[in-house]
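Trainee: Below, each chain spelled out in residue letters.
Number of protein chains: 2
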Amino acid sequence: MADEAPFQFLHNEVLQYIYKSAENGETDNGRNIAKLENMGFRVGQGLMERLTKDTARFKDELDIMKFVCKDFWTCVFKKQIDNLRTNHQGIYVLQDNKFRLLSQLSAGKQYLEQAPKYLAFTCGLVRGALSNLGVKSIVTAEVSVMPACVSDHKMIRKIFS
Amino acid sequence: MADEAPFQFLHNEVLQYIYKSAENGETDNGRNIAKLENMGFRVGQGLMERLTKDTARFKDELDIMKFVCKDFWTCVFKKQIDNLRTNHQGIYVLQDNKFRLLSQLSAGKQYLEQAPKYLAFTCGLVRGALSNLGVKSIVTAEVSVMPACVSDHKMIRKIFS
Chain Z
633 MADEAPFQFL HNEVLQYIYK SAENGETDNG RNIAKLENMG FRVGQGLMER LTKDTARFKD
693 ELDIMKFVCK DFWTCVFKKQ IDNLRTNHQG IYVLQDNKFR LLSQLSAGKQ YLEQAPKYLA
753 FTCGLVRGAL SNLGVKSIVT AEVSVMPACV SDHKMIRKIF S
Chain Y
633 MADEAPFQFL HNEVLQYIYK SAENGETDNG RNIAKLENMG FRVGQGLMER LTKDTARFKD
693 ELDIMKFVCK DFWTCVFKKQ IDNLRTNHQG IYVLQDNKFR LLSQLSAGKQ YLEQAPKYLA
753 FTCGLVRGAL SNLGVKSIVT AEVSVMPACV SDHKMIRKIF S
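Top line first, the protein sequences correspond to chains Z and Y.
With the working numbering applied, the first sequence covers 633 to 793.
With the working numbering applied, the second sequence covers 633 to 793.
Derived by calculation from the structure, the hints in this document are not laboratory data.
Be aware that one or more of the hints could be misleading.
Note that the list lumps identical chains together, so a pair holds whenever it fits in one copy or between two copies.
To be verified - Heads up, simulated DMTMM-like pairs for lysine to aspartate or glutamate below, C-alpha to C-alpha not over 20 Å straight-line:
(1) 749 / 645
(2) 685 / 635
(3) 685 / 636
(4) 691 / 745
(5) 749 / 669
(6) 652 / 693
(7) 691 / 669
(8) 711 / 636
(9) 711 / 635
(10) 652 / 686
(11) 768 / 692
(12) 730 / 681
(13) 730 / 692
(14) 730 / 774
(15) 749 / 693
Owing to the predicted nature of the structure, the values given are computational and were not obtained by experimental measurement.
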């Protein structure tokens, strides 16, 4: 029940720290997002390095994405991705119906505009994980509804096939 | 095996971020330590709040310390404290022989002076956890040897009995 809690709490503190130090300084929202994304990138790289230590070589890109959806996601968020879709041309959509870093936010639409800063770290996380396996990617996130069950869409586009 | 890894990696990134942003700015080492300690404090508070949600009321201080050594430590570091000693007058020494946040550092004495910054967050973590249960404390940490098996001593002194 509380297995993922230390990570969640620390993530929230990092968020607050970065936004608070920005208030006193010069940085704008975009730069804070970039900082969080970079932080996620390096965490993702390191994590993937450790997780794939003893796994067999991946067959193809889809195989890599499945690993991200299952093992990688479970390691960080203690649950799997709920839905993986692809157009088989390098675009993947990962859907998490109960995204842990958002599940503490209130339901409804009033905090929807706050969502991007809660997603930046995770975008970087996925990008870093893929980068560690030699897949360059662009990762974006979307939240359409934020009910008790949160929906989190991730669009992953490869830019270099 | 990799259960505690996301937390560890994130902790390392936070450390690097705080120290790197300090290089460009005005802050000194003591202030960075304080920032980490404060971050740990709030994480500890939140975690303890969640962990004690369904537990019975604690009998006494020793009971609280045992909970910190077992449940709390396991939640964050996936292992228990190895040794708890007390003088029954408000001083507790917690010993972790393989402290996770140090176990990635090289053995030997050459990085011993780097240790405090890896311990600051955890000191705050314990202080925050105790504070959430109404125990005001001073938490300090010591590292005497840093071999493959890392020894981490924590001296917890209550200031208000």
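Trainee: Each hint needs a verdict: does it hold in this structure or not?
Mentor: To see whether the hints hold, each was checked on the structure:
1. 749 / 645: Both, since 12 Å and 17 Å are each at most 20 Å.
2. 685 / 635: between (23 Å within a copy, 14 Å between copies)
3. 685 / 636: between (22 Å within a copy, 16 Å between copies)
4. 691 / 745: neither (39 Å within a copy, 45 Å between copies)
5. 749 / 669: Within one copy, since 9 Å is at most 20 Å while 24 Å is not.
6. 652 / 693: neither (39 Å within a copy, 35 Å between copies)
7. 691 / 669: Neither: 28 Å inside a chain and 45 Å across chains, both beyond 20 Å.
8. 711 / 636: For residue 711 and residue 636, the Cα distance is within 20 Å both inside one copy (10 Å) and across copies (15 Å).
9. 711 / 635: both (11 Å within a copy, 12 Å between copies)
10. 652 / 686: Answer is neither: 40 Å inside a copy and 33 Å across each miss the 20 Å cutoff.
11. 768 / 692: within (14 Å within a copy, 55 Å between copies)
12. 730 / 681: neither (26 Å within a copy, 22 Å between copies)
13. 730 / 692: Classified as neither: same-chain Cα gap 28 Å, cross-chain 38 Å, threshold 20 Å.
14. 730 / 774: Within one copy only: 13 Å inside a chain, 40 Å across chains, cut-off 20 Å.
15. 749 / 693: neither (28 Å within a copy, 40 Å between copies)
Checked against the numbered hints listed earlier, the structure breaks hints 4, 6, 7, 10, 12, 13, 15; every other hint is satisfied.
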